[in-house]
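Trainee: Work the whole structure out from these sequences, hints included.
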Amino acid sequence: RDTEYQAFRKTTRSAAWQNELLARSLDERRALARELRNRSREANSNKAEDIMDVTPSEVERAFLDHEVQCMVHGHTHRPARHEHAAGVRWVLGDWDQKGWYVKADPEGCSLHSFDIKQ
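The working numbering puts the first residue of the sequence shown at 69, with every later residue one more than the last.
Keep in mind the hints are simulated off the structure, nothing from the lab.
SDA-like, lysine to any residue: derived pairs with alpha carbons at most 20 Å apart: (1) K166 with I184; (2) K185 with W163; (3) K78 with T123; (4) K166 with T144.
Have a look at the derived ranges for each label pair, beta carbon to beta carbon: (5) A111 with D173: 31 to 41 Å; (6) A172 with E103: 31 to 41 Å; (7) S181 with V122: 17 to 27 Å; (8) E128 with A91: 40 to 50 Å; (9) L132 with E96: 42 to 52 Å; (10) R105 with E126: 21 to 31 Å; (11) Q86 with W163: 14 to 24 Å; (12) S82 with I184: 19 to 29 Å; (13) A91 with A172: 33 to 43 Å; (14) D95 with G167: 22 to 32 Å.
All residues carry an ideal CB built from backbone N, CA and C; glycine is no exception.
Mentor: Pasting the structure below:
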């Protein structure tokens, strides 16, 4: 789906890349984080909606393989509750400006956000 992001993810999850990043000063790391967020916003604004979401068949497979009826996963830039044949999927929002969580209580589950102090 989003092969550009998958390549970025592979790079940033490598031990060598992480060690190189951690060797930089905090100011350099913060500057890089700002630059990467800006690039991401720009790139995402030019991508088709469907490429920014999950693959439905993979979601169904995950429900069945793991024998679960509820799934919570990281952001796809569209926080929401999604109904699937095998269960309910909760998508957390982007953590750039807000934090996100799913609250589970006797009345059910609900999606919530909170401001992140900058």
